[in-house]
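Enquirer: The whole structure should be built from the sequences, with the hints applied where relevant.
Listed below, chain by chain, are the residues.
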Amino acid sequence: MSRALLTGNGAAAWGARLAQVDYIPAFPITPQTEIIENLAKWIDTDEMDSRLVTLESEHSMITAAGAAAATGVRVFSATSSQGLLYGMEMLYTVAGWRAPFVLVNVSRGLAAPITLESDHNDILAARDCGFLQIHCTTCQEVLDSTLIAYRLAEHHSVRLPVIVNLDGFYLSFTREPVELPDAEAAAKFVGNYDAENVQFRASAPTSQAVAVLGGTPYSYFRYEIHLAAQQGLKVYDEVATEFAQQFGRKHEAVEAYRCDDADYVFVMLGSFASKAKAAVDQLRDAGWSIGLVRPRLLRPFPAERFYQLLKSKKGAAVIDQNISMGKGGVLHSELASVLYGKPDAPPVLTSFIGGLGGRDISQEELFEMAKVTRDAYEKSETPAPRLLFTQDEMREVHKLQAVAHVERQELEKDHE
Amino acid sequence: MSEVQERFHRMKDLPSTHLLGTGTAMCSGCGGLEALHEIYDVLGEKTVFVNAAGCMTLLSVYPFTPFRGSWLYTAMASATAGAQGIRDALDILKQKKQITEEEDLEVVTLTGDGAAYGMGMASTSGAMERDLDFIYICYDNEGYGNTGQQYSGATPHAAKTATSKGARGFAGYKKDLFSIWTAHKPTYVATVIGSEPLDLARKIEKARNLTGPRMIIALAPCPTGWDYDPKLTVEIGKLAVKTGIWPLKEYIDGEVVHTKVPRQRVPVEEYLKLQGRFRHLFEPERNDALLEELQAKVDNYWEGVS
Chain A
3 MSRALLTGNG AAAWGARLAQ VDYIPAFPIT PQTEIIENLA KWIDTDEMDS RLVTLESEHS
63 MITAAGAAAA TGVRVFSATS SQGLLYGMEM LYTVAGWRAP FVLVNVSRGL AAPITLESDH
123 NDILAARDCG FLQIHCTTCQ EVLDSTLIAY RLAEHHSVRL PVIVNLDGFY LSFTREPVEL
183 PDAEAAAKFV GNYDAENVQF RASAPTSQAV AVLGGTPYSY FRYEIHLAAQ QGLKVYDEVA
243 TEFAQQFGRK HEAVEAYRCD DADYVFVMLG SFASKAKAAV DQLRDAGWSI GLVRPRLLRP
303 FPAERFYQLL KSKKGAAVID QNISMGKGGV LHSELASVLY GKPDAPPVLT SFIGGLGGRD
363 ISQEELFEMA KVTRDAYEKS ETPAPRLLFT QDEMREVHKL QAVAHVERQE LEKDHE
Chain B
-6 MSEVQERFHR MKDLPSTHLL GTGTAMCSGC GGLEALHEIY DVLGEKTVFV NAAGCMTLLS
54 VYPFTPFRGS WLYTAMASAT AGAQGIRDAL DILKQKKQIT EEEDLEVVTL TGDGAAYGMG
114 MASTSGAMER DLDFIYICYD NEGYGNTGQQ YSGATPHAAK TATSKGARGF AGYKKDLFSI
174 WTAHKPTYVA TVIGSEPLDL ARKIEKARNL TGPRMIIALA PCPTGWDYDP KLTVEIGKLA
234 VKTGIWPLKE YIDGEVVHTK VPRQRVPVEE YLKLQGRFRH LFEPERNDAL LEELQAKVDN
294 YWEGVS
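Residue numbers (my numbering), protein chains in the order written: chain A, 3 to 418; chain B, -6 to 299.
Treat the hints as calculated values from the structure; they're not laboratory data. Think of the CB as a built atom: it goes at the ideal place given N, C-alpha and C, for glycine as much as any other residue.
Mimicking DSS-like on lysine-lysine, the simulated pairs with C-alpha atoms at most 25 Å apart in a straight line are:
{"#": "1", "chain 1": "B", "residue 1": "253", "chain 2": "B", "residue 2": "168"}
{"#": "2", "chain 1": "B", "residue 1": "89", "chain 2": "A", "residue 2": "43"}
{"#": "3", "chain 1": "A", "residue 1": "190", "chain 2": "B", "residue 2": "87"}
{"#": "4", "chain 1": "A", "residue 1": "190", "chain 2": "B", "residue 2": "89"}
{"#": "5", "chain 1": "B", "residue 1": "90", "chain 2": "A", "residue 2": "190"}
{"#": "6", "chain 1": "B", "residue 1": "235", "chain 2": "B", "residue 2": "266"}
Taking CB as the label site, the calculated pair distances span:
{"#": "7", "chain 1": "A", "residue 1": "129", "chain 2": "B", "residue 2": "285", "range": "56 to 62 Å"}
{"#": "8", "chain 1": "A", "residue 1": "115", "chain 2": "B", "residue 2": "278", "range": "55 to 61 Å"}
{"#": "9", "chain 1": "B", "residue 1": "88", "chain 2": "A", "residue 2": "228", "range": "35 to 41 Å"}
{"#": "10", "chain 1": "B", "residue 1": "155", "chain 2": "A", "residue 2": "309", "range": "51 to 57 Å"}
{"#": "11", "chain 1": "B", "residue 1": "155", "chain 2": "A", "residue 2": "116", "range": "32 to 38 Å"}
{"#": "12", "chain 1": "B", "residue 1": "140", "chain 2": "A", "residue 2": "3", "range": "53 to 59 Å"}
Expert: Here it is as C-alpha cells:
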C-alpha cells in the first residue's frame, strides 16, 4: 500500500492497471483523455502488460471492447459525454452479449450548446442500456470502484459490463490523496478473468449475438439482462464487503451520511455530494436534523436500500445534475417511483436541477434547498421543481446577449 | 503466389465438400449467398464471421446457423471494429499462452454494400490504417436490400430502386469502393462474383495465405432487389463480367491486375435488359441516350485498362 496524489483520471488509470487488464480500445475525448494517456505511457514503459488500440470512434471503440471481451480477455475502456452517446448503439448491443468489461465515463454535459464541463446527462442517457453504473465522489472511490467493478461485471450471476462514473473537471482534474493497493493484493482481489462460455476458439465454434425472430425469444433475453442486473445488488454488497476486509475501505451501494436521526436528507450523485456533506455539517451545527443519501450504485437501482434510508423522514431534497427535457430530474423520478405508496415514505420529495455544464452548486443554495424542503413539509405542500439559477447569473447572460446584439447590429451596418 | 494459384487450376479443383449449411432465410437465387458458399468452402470453419446489419444477419437466427465455425453479429457501422477486438483478443491470448496456435481463427468481416460503401466506411478505413489482419467480404447487391432495395452508395446510375422510382432511376453513380480501399494500400483487394467460381476461389485462396487487411467485394445479383427471375442469377453474373460492368481485378503490392479481361465485350444492354430495375430504359420506349451513356462509361473504364 502506498499513497499518491492522483487526479480522478489518474485514479481510473491506476484502477485499470491494478486490475491487470489485457486490452484497452481507446479514443480521446476531453475530459477523459488523461486516462488513456497514462495507460499508453505505462504500456510503452513496460509497466503494464496490455495492448492499447486507438479506434477511429467511440462507436468502434465500444464494439472492439465488447468483441474482445466476447473473445475472452479482460477489457478496459474510457470515454466522456458525446463519446458515450456516439457509442450508445453499442452500449445497448454489447450489454446483450453478456461479455463483461469496465468502461469509465468522465461525465460532461451534452451538446447543444457544446461544452466541456460536467453534468450527468451523458451517463444517465446510458441508464437503460444494461451496463451497471457506479458513481464516484472521490478519487479514491474511482480507483476502488474500478477494481470492484471487475468483480461485479465478471461475477457468474451478473456477466454484464459496468460503467464507473466520475465528474469531469471536479474529479477528473482534481488531485486528492489516494491509497494505492499493492499490485499483488489488487490482482488477488480481482482474480483472473474467467471467460466462461463467452469466447471464440477454433475447437469450440460458437455463434454470439445472433438475431431472434419474434417477441418471445427477444423478451426472454432482455429479461435475462434485467434479472442479471438485479443480481448485481447482492453481488455488489458481497464484493464491497470483501474489498473492505482486504483494503479497509467500505463503499456502500448507497452512502448514508448523518442520516440515522435525520428528519431531512439531500439525495444526489457524484462529486458535488462532497459539498452537500459540508452543508450537512454546517446545518447540523445550526441545529438542523439533516443528512445526505448518495447512491453509488445507480444500476441496479438499490430501491429497497433507498426505502429503508428514507423511511420516516419528513422530506428529501433531490438534487439532479441532469435534466430530462420536458420532465425534470431523473433521480427525482426514480426515487419517487420506489417510494410511492410505501408505508412511512417521506411525504415531501422536492426536486432541484443544478450543476449543469459545470455550474457550481453553492452552500447557500444547499441551505435554501433544505429550507424549501422543510417549509414544504410544514405546509404539507410540495413546490414545483426548481431550476437553480441566480439573479447574478441572469445578469451575466443578459450581458452576453447585449454583446451579441451589438455585434449583430455592427455586422448589419457593415452590410448596408 | 503461383503455388497458391495452382490449388485452383481448373473448375474440378474447386472444393467438392460444401461447408455452409442450407435452408437459410436468404432469397432464392441470392447472388450474395452463392458467393458466400464458394468463399466459405475455401476459408473453412476455422473462422469467425463478424457481421454488420444487412440481409446476411438473417443467416444466424437463434437457435440456427449455417456456419460450422463462429459468428458475431455487431451493428451496421462497426463490424470491422468487432473484427479488431476479436483479432486483438486472440493475439493477446496467444501471446500470453492462454490459447494455442491451433485455437486461432481467421477473422472475417461480412457486410453488405450499405455498410461497406457508407455507414461502415470509417471503421473499415480505421482497420486498414491499423493494418488489421483480417478478411473483409462485402456482398454488394447495389442497394439497401434487406429493407426493400432503396438506393445506396453502391447503386448504379439509372437503376430503379424503392427510393428512385422516377423515369431516369437513380441519379447518382456507383461509388468506386475498390479504389477507396486500394487508396489505403491494404495487403489485398479483389473483386469477385459467384458466377465465376474459379476466379473467386483463386482470390480467396490468395487472400487466405496473406496477412493484413484483405478486402473482397463480391457483386451479388439480387433477384428481389434487381427484379429478375431467380434462375437468372448465374447468367446475370456472367453477363456482368462479359459486358465489362463488373471488372474482375485484384490489387496486390501496389498494382491493380485485371484477372479476367472481356476482350470482346458484350453490349451492356444485354445485362441491363434482364433486370426489372432497368426496364424503364427499354419500355415503354427505348432510352437510347441513357443506354449510350451507360455503355460509354463502361467503354471508358476499359480504355483505361492496359
